[in-house]
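Novice: Sequence:
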Amino acid sequence: MRDLFSDSVEICPGMVLLRDFADSAALQGELESVLMAAPLRRMQTSRGSYMSVQTSNCGQFGWLSDRQGYRYSDIDPLTGEPWPVMPVIFRQLAETAAELAGFPGFRPDACLINYYQPGTQMGAHQDRDESDCDAPIVSVSLGINARFFVLGSERRGSSIPVNLSDGDVLVFGGPARLFFHGVRKLKFSEHPRFGPVRWNLTFRKAL
DNA sequence: AAGTCCCC
DNA sequence: ACGA
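In the UniProt record's numbering, the protein residues as written are 1 to 207.
It should be emphasised that the hints constitute simulated quantities derived from the structure, not laboratory data.
Note that the coordinates shown come from a computational prediction; the quantities given were computed from them, not determined experimentally.
Heads up, the beta-carbon is just placed ideally off N, CA and C, and yes, glycines get one too.
Careful: at least some of the hints might be erroneous.
To be verified - Simulated crosslink set (SDA-like; lysine to any residue; CA at most 25 angstroms straight-line):
(1) K187 to L27
(2) K187 to F21
(3) K205 to Q44
(4) K185 to L207
(5) K187 to P118
(6) K185 to Q92
(7) K187 to E130
(8) K185 to G119
(9) K187 to I75
(10) K185 to Q44
(11) K187 to Q121
(12) K185 to A37
(13) K205 to M36
(14) K187 to V9
(15) K205 to L78
(16) K205 to G119
(17) K187 to P161
(18) K205 to Q92
(19) K185 to R128
What the hints assert, rightly or not - Listed next, with one range per pair, are the computed distances between beta-carbon atoms:
(20) Q126 to S49: 17 to 23 angstroms
(21) I160 to D7: 29 to 35 angstroms
(22) S158 to P77: 34 to 40 angstroms
(23) P175 to E81: 36 to 42 angstroms
(24) E154 to E190: 22 to 28 angstroms
(25) P13 to R41: 17 to 23 angstroms
(26) N145 to A26: 17 to 23 angstroms
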């Protein structure tokens, strides 16, 4: 497709960062529409504690966590309705980024929306609730900067730090598909359009 | 364990 | 470290 895009960095084998690849303003408008139909909520973990991030979903399937554990569902438990349709520009961005990163044919059926405010963090975890781990994960950052970190196949050990800014797209697949990763406690800063918050869109092939 | 707590 |  477009080998024209030069501002890409290989973080580790299977993990590619496309810097400022996404049209942040265009995604922002679609995001607002999605959230009107599927509002943000705070998910509970299986042991009863709450995640600091607030989440929603769009696409055929949405990621859920509650006392039953983690899973994908085609129904939003908050509204009882199917999740909002994945906007065309969301899907096209994810497919193009995956192809550029070396994962052609990616067709996401789920988009998890994570909302971070100052103080929000995401502990080290693996994305392992998808049936097809041959498909990569495409992660789009919007709003203020965040300090992302990557471990390996084990939770312990040293991490690779990655600064993620508005419009950055991180693709991880192949050997990095099941790597532990997370987001450090978000530091206060402001973005001209989004204000003092960060959004993350992660595209997956859930089923 | 996508979190919390506790000790160095 | 914990117990999933």
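Novice: Between S158 and P77, is the Cβ distance one that fits in 34 to 40 angstroms?
Specialist: Roughly 38 angstroms apart at Cβ, these two residues keep to the hinted range, so it holds.
Novice: Are K205 and Q44 close enough, with their CA atoms no more than 25 angstroms apart?
Specialist: holds, 23 angstroms
Novice: If you check the beta carbons of I160 and D7, does the distance land in 29 to 35 angstroms?
Specialist: violated, 19 angstroms
Novice: Below or equal to 25 angstroms on CA atoms is what counts here, so check K205 against M36.
Specialist: holds, 24 angstroms
Novice: Take the C-alpha atoms of K205 and Q92, compute the straight-line distance between them, and say whether it is at most 25 angstroms.
Specialist: holds, 14 angstroms
Novice: Has the given pair, K185 with R128, been kept, meaning a C-alpha gap of at most 25 angstroms?
Specialist: Within the cut-off at roughly 23 angstroms; holds.
Novice: Quick one, are K187 and P161 close enough, alpha carbons at most 25 angstroms?
Specialist: holds, 15 angstroms
Novice: Are the Cα positions of K205 and G119 separated by 25 angstroms at most?
Specialist: violated, 30 angstroms
Novice: Is it true that N145 and A26 lie within 17 to 23 angstroms of each other by Cβ?
Specialist: holds, 20 angstroms
Novice: For the pair supplied as a hint, K187 and L27, confirm whether the alpha-carbon distance does not exceed 25 angstroms.
Specialist: Judged against 25 angstroms, a Cα distance of about 23 angstroms means the pair holds.
Novice: Taken at face value, is the distance from the CA of P118 to the CA of K187 at most 25 angstroms?
Specialist: Measuring from Cα to Cα gives roughly 5 angstroms; hence the hint holds.
Novice: Against the range 17 to 23 angstroms, how does the distance between the Cβ atoms of P13 and R41 compare: consistent or not?
Specialist: violated, 36 angstroms
Checked against the numbered hints given earlier, the structure breaks hints 4, 6, 7, 9, 12, 16, 21, 24, 25 and satisfies all the rest.
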